[in-house]
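Residue numbers (our numbering), protein chains in the order written: chain A, 3 to 120; chain B, 348 to 888.
Source of the hints: derived by calculation from the structure; they are not laboratory data. Just so you know, not all the hints are guaranteed correct.
Just the calculated beta-carbon pair ranges, DEER-fashion [to be verified]: (1) S719/B / E38/A: 31 to 39 Å; (2) K657/B / E109/A: 47 to 55 Å; (3) A25/A / L724/B: 18 to 26 Å; (4) K76/A / V727/B: 51 to 59 Å; (5) A771/B / M3/A: 26 to 34 Å.
As a list, the in silico BS3-like pairs of lysine-lysine whose alpha-carbon atoms are at most 27 Å apart [unchecked claim]: (6) K76/A / K469/B; (7) K111/A / K796/B; (8) K56/A / K647/B; (9) K671/B / K111/A; (10) K76/A / K555/B; (11) K40/A / K823/B; (12) K671/B / K765/B; (13) K469/B / K116/A; (14) K657/B / K56/A; (15) K469/B / K756/B; (16) K647/B / K744/B; (17) K573/B / K116/A; (18) K657/B / K573/B; (19) K712/B / K56/A; (20) K657/B / K111/A; (21) K647/B / K555/B; (22) K765/B / K76/A; (23) K76/A / K702/B; (24) K116/A / K765/B; (25) K29/A / K702/B.
Partial list, derived from the structure: chain A residues whose beta carbon lies under 10 Å from chain B [unchecked claim]: (26) E13; (27) G27; (28) K29; (29) T35; (30) I80; (31) N106.
All C-beta atoms in this analysis are idealised placements derived from N, C-alpha and C, irrespective of residue type, glycine included.
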Amino acid sequence: MSTILVVDDEENIRILYQQDFTANGYKVICAATLDEAKREFSRNQVDLVVLDLKLTAHDGGLEMLRWMRETNRKIPIIINTAYPAYKTDFSSWLADAYIVKSSNLDELKETVEKLLNQ
Amino acid sequence: MSTKCWEDRNCQQKECPVRRRGGKHCWLSEPRPGFDGQYLPFRERLYRHCRSCSYFHDIIERGAGRRADDHLISDTLLKLLDEMGSFHEEVARSNRALTENIQNLAMLNEVTKALQSTLDLKQTLHIILTGVTAAEILRLNRAFLLLFDDSRKNLVGVMAVGPTGPEEATKIWAELKSSSASFKDLAMRPHHEIDGNEYVNRLAREIKVSVDDYDNVAIRAISLRKPFLVSDAHASPGAKGFAAVLKVSNFVIVPLIAENEPLGVLMADNSITQAPIEQSDLTLLEIFAGQVASAIRNAKLYQQLQMNMKELRQSQDKLIKAEKMASIGEIATTLAHEMRTPLVSIGGFINSMIKQQPDNRPFEKQFRIISSEIERLEAVLSDTLEMARFKEPELVKADINIIIDDCLKLLLPEFEDKKIEIKALYNCPEHQIWLDKLQLPQVFFNIFKNAIHAMPSGGLLQIETQKTEPNNIEIKISDTGPGISSDHIDRIFEPRFTTKNGGSGIGLALSKKIITNHRGAIKAEPRPGGGIAFTISIPLI
Numbered sequence: 003m004s005t006i007l008v009v010d011d012e013e014n015i016r017i018l019y020q021q022d023f024t025a026n027g028y029k030v031i032c033a034a035t036l037d038e039a040k041r042e043f044s045r046n047q048v049d050l051v052v053l054d055l056k057l058t059a060h061d062g063g064l065e066m067l068r069w070m071r072e073t074n075r076k077i078p079i080i081i082n083t084a085y086p087a088y089k090t091d092f093s094s095w096l097a098d099a100y101i102v103k104s105s106n107l108d109e110l111k112e113t114v115e116k117l118l119n120q
Numbered sequence: 348m349s350t351k352c353w354e355d356r357n358c359q360q361k362e363c364p365v366r367r368r369g370g371k372h373c374w375l376s377e378p379r380p381g382f383d384g385q386y387l388p389f390r391e392r393l394y395r396h397c398r399s400c401s402y403f404h405d406i407i408e409r410g411a412g413r414r415a416d417d418h419l420i421s422d423t424l425l426k427l428l429d430e431m432g433s434f435h436e437e438v439a440r441s442n443r444a445l446t447e448n449i450q451n452l453a454m455l456n457e458v459t460k461a462l463q464s465t466l467d468l469k470q471t472l473h474i475i476l477t478g479v480t481a482a483e484i485l486r487l488n489r490a491f492l493l494l495f496d497d498s499r500k501n502l503v504g505v506m507a508v509g510p511t512g513p514e515e516a517t518k519i520w521a522e523l524k525s526s527s528a529s530f531k532d533l534a535m536r537p538h539h540e541i542d543g544n545e546y547v548n549r550l551a552r553e554i555k556v557s558v559d560d561y562d563n564v565a566i567r568a569i570s571l572r573k574p575f576l577v578s579d580a581h582a583s584p585g586a587k588g589f590a591a592v593l594k595v596s597n598f599v600i601v602p603l604i605a606e607n608e609p610l611g612v613l614m615a616d617n618s619i620t621q622a623p624i625e626q627s628d629l630t631l632l633e634i635f636a637g638q639v640a641s642a643i644r645n646a647k648l649y650q651q652l653q654m655n656m657k658e659l660r661q662s663q664d665k666l667i668k669a670e671k672m673a674s675i676g677e678i679a680t681t682l683a684h685e686m687r688t689p690l691v692s693i694g695g696f697i698n699s700m701i702k703q704q705p706d707n708r709p710f711e712k713q714f715r716i717i718s719s720e721i722e723r724l725e726a727v728l729s730d731t732l733e734m735a736r737f738k739e740p741e742l743v744k745a746d747i748n749i750i751i752d753d754c755l756k757l758l759l760p761e762f763e764d765k766k767i768e769i770k771a772l773y774n775c776p777e778h779q780i781w782l783d784k785l786q787l788p789q790v791f792f793n794i795f796k797n798a799i800h801a802m803p804s805g806g807l808l809q810i811e812t813q814k815t816e817p818n819n820i821e822i823k824i825s826d827t828g829p830g831i832s833s834d835h836i837d838r839i840f841e842p843r844f845t846t847k848n849g850g851s852g853i854g855l856a857l858s859k860k861i862i863t864n865h866r867g868a869i870k871a872e873p874r875p876g877g878g879i880a881f882t883i884s885i886p887l888i
């Protein structure tokens, strides 16, 4: 069973993802803050990260991305954000996929599956 | 013997102005005022009439007696009288000239006052030309104004004043004589009335002289800073061009120079009356030219000032608009994001409820309506956010080598992972360019990412910079991957075009847009020996 780390400060989103991915046979760990995310990332054997990025560039989301990439070069990271603007910030290109948040989870689920099977 | 002395003496007068009715006495001996309706002071009579009257001479001689000395006295008297007469005439002439000069100066003063009352260029030029041709001052028939064009490489005719031909001239001058219009009335016309005579203005607009034409009399007048009185222009190589256009062989040309800066020339002629242009006209025109040059300069500066003001106002408006748009964009972005997150959870839960429940359950149709309406709202929010995404580059002075290095460092783990060797040769001695620190790195990052993708089992990524003409930095980035077919290479920068598995086709299209925004160019070509080579060229500072 693959383990997915969901990093998002919105509780409802965390619940939604947990419920949906668990139903699809994944183990889901949630983190509401970046510190929490770092802790969970170090403590568990995580197979894939779904990372939310906020509007301001200083919220640490991009630094988190770099930190995870440096800690584990191979782990697939999906940026999942409400802002398409990050797509043109080249730092975000360190991620393996960039998905704009949507109520339709099909794209996210397909990407998770594809990256885990690589 | 007749009783009329002028008949006796055959003095060629029809009637003696000095006679006494019925007598033959000399006027000189009749110093009564009011005689024959005329009154002239004694001295005046002596100079004007008696001096040339043979009867008067007789009287003087007769009265001198018989001695030799007496004759000497009478001769001296007559000579003295002659001398005084000439002197008197001279004084009268000087007086007339002085009066004329005073009148001219007064009129010049009028023109100057008129010039000082406006800063409008067209109005200024019209006042000047009216001044040259006005009956009270220079009395020249036509005047033409030639000024340097914006490039300052040519002297071009801008305006003219004067009648088309003798008929029109007679009519206009008669009208002017009978009208009570002052100089100011003539010169200070409203804009739409000062276009003047179409014929002379058309002639003026035909005139164009290159500043390199040193033989031309206008260019010579400017470079030597002195006026020229041209006669027989048809025979003079430097003036026959003007002669042909203006159809006149005598004219005067005066340079217009304000604070050491040559502005153009003033030309004038007497093509209608054919009256000679005197040296005194030239002197007056020269004095006039000084005033004219300052006025033109002021009007031009004012025009420039007005243009600058207009530009300033326009950029201010743009700035206000841009600020407004920026804040609207920010509000829209924030609002769209704030709305999107709850929509994602509502829609997400509805979707998972639909999936988790068996078919044909109560409310299934309603759930599906909610789900599709939420998707619709999300699409609206996506469009709003996409629109807010486009940003003009913010160019700052920076070192492009550092930008390339930063991108390489960021991807170092991946290069190492895929065993890709990096060779960077920074050969361009200068590397400061205007760049957007967020946008430009995307280009290198994108090309490097493509290279990593193209060389999954190792290879060489080479970066080489060099200086190219006129003042550009050229960055060549090549990989040793499988390369791209020549069919595809032309389409590589098209949006949505990709040969990469899982690629969006946005990266290179965006890269090209970014490079264009940096006033640069990007091209791709197959690398000899396999792989692909990108060449980017950006202007150096």
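Going down the list of hints, with the structure as the test:
no.	hint	verdict
1	S719/B / E38/A: 31 to 39 Å	holds, 35 Å
2	K657/B / E109/A: 47 to 55 Å	holds, 52 Å
3	A25/A / L724/B: 18 to 26 Å	holds, 25 Å
4	K76/A / V727/B: 51 to 59 Å	violated, 38 Å
5	A771/B / M3/A: 26 to 34 Å	violated, 44 Å
6	K76/A / K469/B	violated, 76 Å
7	K111/A / K796/B	holds, 24 Å
8	K56/A / K647/B	violated, 56 Å
9	K671/B / K111/A	violated, 40 Å
10	K76/A / K555/B	violated, 75 Å
11	K40/A / K823/B	violated, 39 Å
12	K671/B / K765/B	violated, 48 Å
13	K469/B / K116/A	violated, 76 Å
14	K657/B / K56/A	violated, 43 Å
15	K469/B / K756/B	violated, 65 Å
16	K647/B / K744/B	violated, 37 Å
17	K573/B / K116/A	violated, 89 Å
18	K657/B / K573/B	violated, 38 Å
19	K712/B / K56/A	violated, 35 Å
20	K657/B / K111/A	violated, 58 Å
21	K647/B / K555/B	holds, 20 Å
22	K765/B / K76/A	holds, 12 Å
23	K76/A / K702/B	violated, 33 Å
24	K116/A / K765/B	holds, 21 Å
25	K29/A / K702/B	holds, 20 Å
26	E13	holds, 9 Å
27	G27	violated, 14 Å
28	K29	violated, 18 Å
29	T35	violated, 16 Å
30	I80	violated, 13 Å
31	N106	holds, 6 Å
The earlier numbered hints that this structure contradicts are 4, 5, 6, 8, 9, 10, 11, 12, 13, 14, 15, 16, 17, 18, 19, 20, 23, 27, 28, 29, 30.
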